[in-house]
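Chains as they are written, first to last, in the numbering used here: chain A, 5 to 546; chain B, 2 to 165.
Where hints are given, some of them may not hold.
[As the list claims (entries may be wrong)] Which chain A residues stay away from chain B? Per the calculated CB distances, all over 10 Å, these:
no.	residue
1	L14
2	V63
3	S189
4	L215
5	I246
6	E253
7	T259
8	G315
9	G339
10	L402
11	Y432
12	P458
13	D499
[Unchecked claim] Distance condition first, Cα-Cα at most 30 Å in a straight line; then the derived BS3-like pairs of lysine-lysine:
no.	chain 1	residue 1	chain 2	residue 2
14	A	K525	A	K471
15	A	K340	B	K20
16	A	K184	A	K463
17	A	K525	B	K4
18	A	K212	A	K197
19	A	K528	A	K463
20	B	K109	A	K525
21	B	K148	B	K20
22	A	K216	B	K148
23	A	K273	A	K212
24	B	K4	B	K109
25	A	K273	A	K340
26	B	K109	A	K463
27	B	K148	A	K525
28	B	K4	A	K528
29	B	K20	A	K471
30	A	K471	A	K528
31	A	K197	A	K273
32	B	K109	A	K340
33	A	K525	A	K463
34	A	K216	A	K197
It is worth saying that the hints were derived from the structure and are not from the lab. Glycine included, each C-beta is placed from N, C-alpha and C at the ideal position.
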Amino acid sequence: MKQPDAERLLLSGDEAIALGAWHCGVSLGAGYPGTPSTEILESFSELGGRAQWSPNEKVALEVTLGAAFGGARALATMKHVGLNVASDPLFTAAYTGVSGGLVIVSADDPGMASSQNEQDNRRYAQASGIPMLEPADSQEAYDFTFAAFEISERWKIPVLLRVTTRVCHSYTVVRPREAKAAPPSPAFHRDIKGRVMIPAYARLAHRKLRLKLAEMQEWNETSPLNSVVQGAGGLGLITSGISFMHAREAAPDATILKLGFTHPLPMRKIGQFVQGVRRCVVLEEGDPYLVEALRGAGLEVEGKAEMYRFGELDVARVRRILSHDLSPEAPSPAGKPPQLCEACQYRIVFDSLRQQDCIVAGDIGCYTLGVLEPFEAIDSCVCMGASLGVGLGLRHVLPPAQARRVVSVIGDSTFVHSGISGLVEMVYNPPVTGHVLIILDNSTTAMTGHQEHPATGRKLDHEPTHKLVLEELVRALGVPRVHVVEPRAGSDEFDRLLSECLRSGQLAVIIARRPCILIAKQLKQYEPARGECPAVLSSQAQ
Amino acid sequence: MNKVTNIVLAGLGGQGVLKGTDILADVALRAGFDVKKSEIKGMSQRGGSVTGDVRFGERVFSPMVPAGETDFLLVLEPTQVAPNQHRLRPGGVLITPAAVCPDALPHKRTLNVALLGALSAQLPLPEELWLASLRAAFDETFFEGNKKAFLIGRHGKHQENPGE
């Protein structure tokens, strides 16, 4: 981040949220890396904030919830699919509320620049009953962070700050303001009925939540977070988030209702707007969240054709929506797809998997690129940690000759995120043919830009902390065969080990360990005392 | 009239496309314009195609250069011309590595800066702001090399028209 004190800054949406959180006096930020949310906590840490990576998003949300129970301002960050993992605490945190301030950033990825789906997390605000703000650029990302904490503290409720890839990763001008007054010092105040969600107390809490939502909806009717751009003609547009920017450019004469506070919606304000224009079109990326809500309230508005539900909107697509253009869109010429780096150790692993004709339950990370040519050696990729469960399910039902070829493949960070419970399942309900799990341990969270995790032994800011030793954990869970091997070009060691494990019919875990080549230089800086390479060079088995 | 200048940089992961958009956007910011810069990170960084959009003017709305409205397309890798050429507006300017003589560059890594130099000759942004931005964008020890590369691009043969 550049020059935090300059008057006009060019910041990404992520950096703007971080700066907003810093100026709001956030005591603790926690999250799990995920494009396009990752840079929020990294920037917050660089500014001097206390930021930490959690093993996964559920833990991150719980840690920040605890901080907010204690009266602090706390920030949880994650990508859209991360909120699925954190959805369990989310729904009940809406009931418990908070004592301090809690803002949850969900960074959605319409168009799937780097994700496995394009789910629309505005649905989560509605489903869980928490308020939601949607900034359209970096200035709003900064300002709405302030607003989110104000709403959170005023109504004692977590707030969803919902951003998208284009808001997170576009750089736009930000004028910072004066820092917000610090919250009162954290202190514990016992509130058993408000915090302990046994049914008797949760029933009360649910009613309280609905009252808060009704109050917030009323406040939202005149909230400055929504605004109208007065145009010339009879065309009215209702938008939120980045769609507003495309709309302003595609239809410069339209009158636009820009919604910033999108749950609970200011229905009277919207109704008045609809009445005041001749034609009213709702422009929103992804799901018809606004259209459905408005039509549900009896408002006659136009939505977009189904073909525009897929992918991001842009200026050209907004023009097409407004002119009811349903002709096929020209596909963009294909660029060069990403691939595993030339010297990546995973190439050796995927060569073996391919040569041994394995059925591979894959996972989320760089190594998902093993699905592309020349390897085409991944048969499923669903969500973080799914390689374990999916591989085991295949083993359970396939005919033995096929079942024996099934392998689960997961990265080190992903394994810690949500692979551990899958491994417990493996030893608890072992398939009759055994199973083989390969942990691709490159000592970093590579795909998202090389973040630390519990098994690197370093915190978010790369300072040392307790190191989770994967082979010790795996052995402690009761896996009978545990091997650590360094995949090396010109060596058939990994290939032989894989073959041996597959033939054994036992439960086996192979930790294929070699630090990502892209961080070799950084590792030397982080660990000058530990020598050249922290990899374990000899294979071991027990 | 709110005239917005639209520039797209394209290349492969690791070539300095995003560093190039950083510098360009910073210069426009220093010159007092409204600026937006858009890029897609993630999978694209594993050696795949990378593009970055920079728009500046009195007021910029969408952060993405609309289809067919690119004024300047700056391509760092010849293979990336074909996938991006459609983004140029009619009469838009294509700048490729052919705009600079590779042997003249202090280091082949400075190609992105040299092509920014070629671009700079056609933009209403003062040279001192470019140099200030270059100085801020890299470690001080690289400044002289980058300055040299920038000036080679700025004063060299600097443009090709699409189709030539």
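Now for the hints, and whether the structure bears them out:
no.	hint	result
1	L14	violated, 5 Å
2	V63	holds, 23 Å
3	S189	holds, 38 Å
4	L215	holds, 39 Å
5	I246	violated, 8 Å
6	E253	violated, 4 Å
7	T259	holds, 16 Å
8	G315	holds, 12 Å
9	G339	violated, 3 Å
10	L402	holds, 31 Å
11	Y432	holds, 35 Å
12	P458	holds, 23 Å
13	D499	holds, 24 Å
14	A:K525 to A:K471	holds, 20 Å
15	A:K340 to B:K20	holds, 20 Å
16	A:K184 to A:K463	holds, 28 Å
17	A:K525 to B:K4	violated, 45 Å
18	A:K212 to A:K197	holds, 12 Å
19	A:K528 to A:K463	holds, 16 Å
20	B:K109 to A:K525	holds, 22 Å
21	B:K148 to B:K20	holds, 15 Å
22	A:K216 to B:K148	violated, 59 Å
23	A:K273 to A:K212	holds, 25 Å
24	B:K4 to B:K109	violated, 35 Å
25	A:K273 to A:K340	violated, 47 Å
26	B:K109 to A:K463	violated, 36 Å
27	B:K148 to A:K525	holds, 27 Å
28	B:K4 to A:K528	violated, 49 Å
29	B:K20 to A:K471	violated, 34 Å
30	A:K471 to A:K528	holds, 17 Å
31	A:K197 to A:K273	violated, 36 Å
32	B:K109 to A:K340	holds, 21 Å
33	A:K525 to A:K463	holds, 18 Å
34	A:K216 to A:K197	holds, 17 Å
Figure legend: structure checked against the earlier numbered hints; hints not met, in rising order: 1, 5, 6, 9, 17, 22, 24, 25, 26, 28, 29, 31.
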